[in-house]
Amino acid sequence: MSMLTDLLASLFGMALLNGEKTFWLPEQASTAAKNVDWIFMFIYWLSTFFFVLIVGLTILFVIRYRARPGHKEQPSPSHSTLLEVTWSVIPSILLFFIFYYGYKGFMDLVVPPSNSYEIGVTAQRWSWNFTYPDGYVSENLHVPVDRPIRLVMTSEDVIHSFFVPAFRVKRDIVPGRYNVTWFEATKPGSYQIFCAEYCGTGHSDMLAQVIVHDTGEFDRWLEESSGFLDKLAPAEAGELLYKQRGCKQCHTLDGTIKIGPSFKDSYGIDHVLTDGSTVLAEENYYRQSMLDPQSQIVAGFDPVMPTYKGRLKDKEVTAIIAFIKSLSPYGAVEAETETPTESEAQPETDSATDDLD
Amino acid sequence: MNGSDSTTTADSAAGYSSAQASSDNYLTHGKGIMSWLGTLDHKRIGVMYLGCILFSFFLGGIFALLIRTELLTPGKTIVDADQYNQLFTLHGAVMIFLFLIPGIPAALGNFALPLMLGAKDVAFPRLNLMSWYLWVIGAIFAVASIVMGGADTGWTFYTPYSTSTDTAVISMVTGAFILGFSSIFTGLNFLVTIHRLRPPGMTWFKMPLFLWGIYGTAVMQVLATPVLGITLLLLIVERTLGFGIFDPALGGDPVLFQHFFWFYSHPAVYIMVLPAMAIMSEIFSVFSRKHIFGYKFIAFSSIALAILSFLVWGHHMFTSGQSALANFVFSALTFSVSIPTAIKMFNWLATMYKGNIHLDTPMIYALTFMFTFGIGGLTGLFLGALATDIHLHDTYFIVAHFHYTMFGGTVIAFLAALHYWWPKMFGKMYDEKLGRIAAGLVFIGFNTTFFTQFIMGSQGMPRRYYHYLDEFTIYHQISTAGSYLMAIAFFLMLYYLVKSLVSGKPAPANPWGGNTLEWHMTSPPPYYNFKEAPHVGDPYDFSDLEWDEKTGGYVSKSGRGAS
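Chains L and S, in that order, give the protein sequences.
Residue 1 is where the first sequence starts when you use the working numbering, and the numbers rise one by one after that.
Residue 1 is where the second sequence starts when you use the working numbering, and the numbers rise one by one after that.
Extracted from the complex, chain S is given alone in its bound form:
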């Protein structure tokens, strides 16, 4: 955390050996492009995923900046109405299907899950690689829609608009369909891995909470994503062959599509958020130097969310004309979802109590998460309540709400996890000071961008509007200014992360003092993870760890170390 010299005692008795790491680790084991493209190593697949999803995030961010720039003035600023419609469709589809859904599980989860579990790899390494290739193919289809005329349906593909517009809907939908399989394979792999590859001693309740979160996520990926697959397939069939499934002109029902779509896409919200919560449970404990508070409640609340998320899809359709009874049931169930979320928030808070709180970059993001996800969750109450949802539905209030959960929750947690595991993944420390500055800028920029959207939304500004009434101009301009600030923060982040790879200080095995298994191996980890089954203890008991000035990290007092 604040150590200086690090490599001199590389072969010390504690065994936190960064010299050994640089000679043989997963990054150096095998050279050349084919050793990556054909790898079955979960860590390398995780890194490949990371590169891809970071590029997707960049792409989605560029679309966001173009949208925000267009909205600087009520009339035309830089693009025309059709281009604007394509931009928000691309922004939504790229961010959700290419970044948020695979972001934490497939990239960071792939890297960390087997290490934290104590396994040599995931259960099906080939399937793991295949899921990455499917991601790439799906991404190509989705992005290719740009040159094929651009889809303009919004990421929700609502019928009958999506079956009647003459834009490149099929390419985009095919992309999402393929990406769905990538997601299913990842989920399936993690489920089997957690069930079958736990080493002796790694009982369910010895598992780090990150694994509980990923487990809940995997259940949803496997059960919900096929529904999206068949729905998108039906959409393609209707468009190409004229089957009347959703189009009333052909005898179909457009609201049926909404039911099918949200039956996947509401669990998908939790596919995105549950891993974010899972990371929070690790970071609050490690950086407070305190045992996680309420382990079992957090673990079970992950499972509760995974189950409840399947029962609330109708709350996206309160204005669609579904029956009052359906609205009654879905509203009630929606409120039940907020309880497990509240339990987690309170438990993280209690974890900090009487701790020794280290404000390193990952923890700055975790604290940001409390603030932004707190707002994201609480504003959900306005939308779960039927009377107020009617007014707020399809306005900027919704846009602000889901950005506070998706960005303020998932992206913030992703950034926390990225900074948390970066030293482990690449064996290099980034510039801590720049890291904190970037985190601060993200916080300010994000709130400036999206808090104003709550106000204009509750004032009645509808979403997906190219033109807007003059009275909303000031809100849009503040919002756009905030988005530029965020862009600066992300370019700063890009700078110091790339710099760390080139000239960063070598990372110690355990820079933050975590007690989950990945911190007991070298940074970066060895190719084979564990030579023998690792010793499994309480992942949140930090009493055996002490700060070691020489390595700039934490070491085990009892001599337990990297194998």
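Just chain L, with the same shape it has in the complex:
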């Protein structure tokens, strides 16, 4: 089937090769667009053929057999099983192809690649919130070009729908659950986001843009935008990160033990590790525990923590450490003077690239 698919795709996608706006379809700006568009044009030409056939024959019959002096109806059979089977089976076969390619294209549209960059989407009447992995939230969606983006979407109120015509992507956003969609933008630029599910007075004003950045530029944009790390005191920023980045699922703040040790009164004391050694909980201990958690498992706990190497930036690591320190009588006083600067916090063992985010 794949050779046939390629042939059909190139045949019906021909007019769309450069990805510009055509009479029927908007500009193509995602990897999915090409695939959706050739299926669209395939159905379009098939429909046109049958439409011309039906209407053409209708017109032909009306002209040839119209009532006029001297013309009478002529006998012809009023039943033919062969004909009935023919015009049932041939369309059925063609419909199967449409169904097959439609389904195949759909699976490509809904299954995100595993290496996707994840952005959270919160829709509410009548605005959008896009949450980046670093916790930064924006009103327009910023993405890097040529990189699969996975959107995890939910709604604060009624049903909305995320629709970007240039990407051929649409997914309803339902309150009380997460709906996922994905896309990979192929051209830097700015593209329209519509809310496609009716949501009341401001439905048609619930607009935003996808801003597709050049490779590298996106990270710079995000870094600059994510200024909350600079604007807030490190401990406050750390508390935000603690909540947003998944620390709180395992580490409590009140001393109770969940999956990992509590952060309360953790800083400045000696911890006994599973190998029997003792380690003083200071900055480097926490840093290593985040980037290489398996190296220092506190006695009594299971080695289940995933690494945050590449998922947390140095500033964030620092902020989280500042937050942990603020929860301990040993850290609270020292915190003012002993927060390591960025240059001091350069990783010693971190030779790996940040390919994990």
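Since the hints were made in silico from the structure, they are not lab data.
One or more hints might be untrue.
To be verified - Cross-link-like lysine-lysine pairs, in silico, DSS-like; alpha carbons within 27 angstroms at most:
1. S:Lys-433 to L:Lys-72
2. L:Lys-313 to L:Lys-248
3. S:Lys-550 to L:Lys-72
4. S:Lys-557 to L:Lys-72
5. S:Lys-31 to S:Lys-550
6. S:Lys-120 to S:Lys-206
7. S:Lys-428 to S:Lys-505
8. L:Lys-34 to L:Lys-248
9. S:Lys-433 to S:Lys-499
10. S:Lys-296 to L:Lys-72
11. S:Lys-31 to L:Lys-72
12. L:Lys-72 to S:Lys-206
13. S:Lys-354 to S:Lys-31
14. S:Lys-206 to S:Lys-557
Since the structure of chain L is already known, use the hints to place chain S on it.
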């Protein structure tokens, strides 16, 4: 068709007696308003329904014109956003619940079904009248929502919007709930009538195809509508008592509502379209003077559609987040629905082959149907295919598609049937020339209005948008121009139809040369329909009929006539 003098040979041996008709027919049998409001005669109930649904069509049309006028400019034109949202809700709800669903079955079907079957009336005449009263009460509730603050949910009432908006949703939903019962009663009545009241000789395969279509419709009305009833009731309970059925804030599931709603509303699409197809089978045969081609295939395809229509509701929800497996199944089943439809189209086409095609107004509409419903059906392929539906869902492409099926299919067929049976219903001929002009204007206006919507839809214009981006302006303006043209056509139609009632030529018994039973009785039909069980023949064998210049209609060569 082109006859001139008609009444002079009224008491001729053939028995097509319009003089007799004017002395005692269902219209003159009983005088005064109470003889109508308390009537049990299916023909009078049909006429009452017709008046009501035509008024609903007028009302829905006014809402449509207001919507189209507002959309002339990207910003505010005549109404504000909330009023706009109420307008499209009213347009949808009025057109669907008050006009399209009861349109052909309850109005024209009520009139024609017992006549075509050879029965004196429907099986349960009182239930028939009750269904009309329920329609009136439901319509009052639905329309009263306007003065109670107007519902703004869209005709689909999606939760949790419909449970959280502070507009008059309950009044509108109660209206739809009551209208549902009206529809169930009509369907039930027709089912029993077709099963129990067939005269001797009227076997299943001697039935005109219109009856097969109405039968399939009735099955859906009886089986699907209760689901809508309970869904709307649950919606009301959630709104008033705070039960958490659909609202996630109360522990419910909003997508459940969509499943329930479309479980009714997809069959409802076929409740609207199947009778339209049923009319086409009559008109193509009669106006081509040819036996219908593939009778059994058309009959069974009606039943196939009635069954398959229950299995495809999920195709309204491809983007809702339902599982890929569900989408797979619903997409596959959706394509299976197109086969029976294609079979019908090809059979009508084959019926015209070697015929003697008379281009009277009903046939003009039938030919329009081939064109517009052809586009409506074929554009469904884009929406049944999953990959393309994702892009097109909730855009103007959908709006255009369902108008090509609902208007290009059902309304066009309704107009065909209205012009086909008008002489039979009222005993008067309308101005044929104006009829053809109006049909032409409807064709041009309709395509101008809605074809542009396909283009803007596939370009990404979402539906139910009050504001729109500047790039879509030109499409909206062309579309609005088309809607004004249609309005002109409908006012022209109103003019010549009213004129025909006042000063139209008396209609012969059989102006088009149909061979179904209603054409073998006077126009308008006698009060009792048939004094004795009628002779039943092949409804599509026209060999016994010949044009009679004197009556301006067709008469039977063998002397078979009105009883």
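Each hint, compared with the structure:
no.: 1; hint: S:Lys-433 to L:Lys-72; in the structure: 23 angstroms, holds
no.: 2; hint: L:Lys-313 to L:Lys-248; in the structure: 18 angstroms, holds
no.: 3; hint: S:Lys-550 to L:Lys-72; in the structure: 21 angstroms, holds
no.: 4; hint: S:Lys-557 to L:Lys-72; in the structure: 17 angstroms, holds
no.: 5; hint: S:Lys-31 to S:Lys-550; in the structure: 32 angstroms, violated
no.: 6; hint: S:Lys-120 to S:Lys-206; in the structure: 18 angstroms, holds
no.: 7; hint: S:Lys-428 to S:Lys-505; in the structure: 6 angstroms, holds
no.: 8; hint: L:Lys-34 to L:Lys-248; in the structure: 43 angstroms, violated
no.: 9; hint: S:Lys-433 to S:Lys-499; in the structure: 13 angstroms, holds
no.: 10; hint: S:Lys-296 to L:Lys-72; in the structure: 26 angstroms, holds
no.: 11; hint: S:Lys-31 to L:Lys-72; in the structure: 46 angstroms, violated
no.: 12; hint: L:Lys-72 to S:Lys-206; in the structure: 26 angstroms, holds
no.: 13; hint: S:Lys-354 to S:Lys-31; in the structure: 48 angstroms, violated
no.: 14; hint: S:Lys-206 to S:Lys-557; in the structure: 21 angstroms, holds
Of the numbered hints listed earlier, those contradicted by the structure are 5, 8, 11 and 13.
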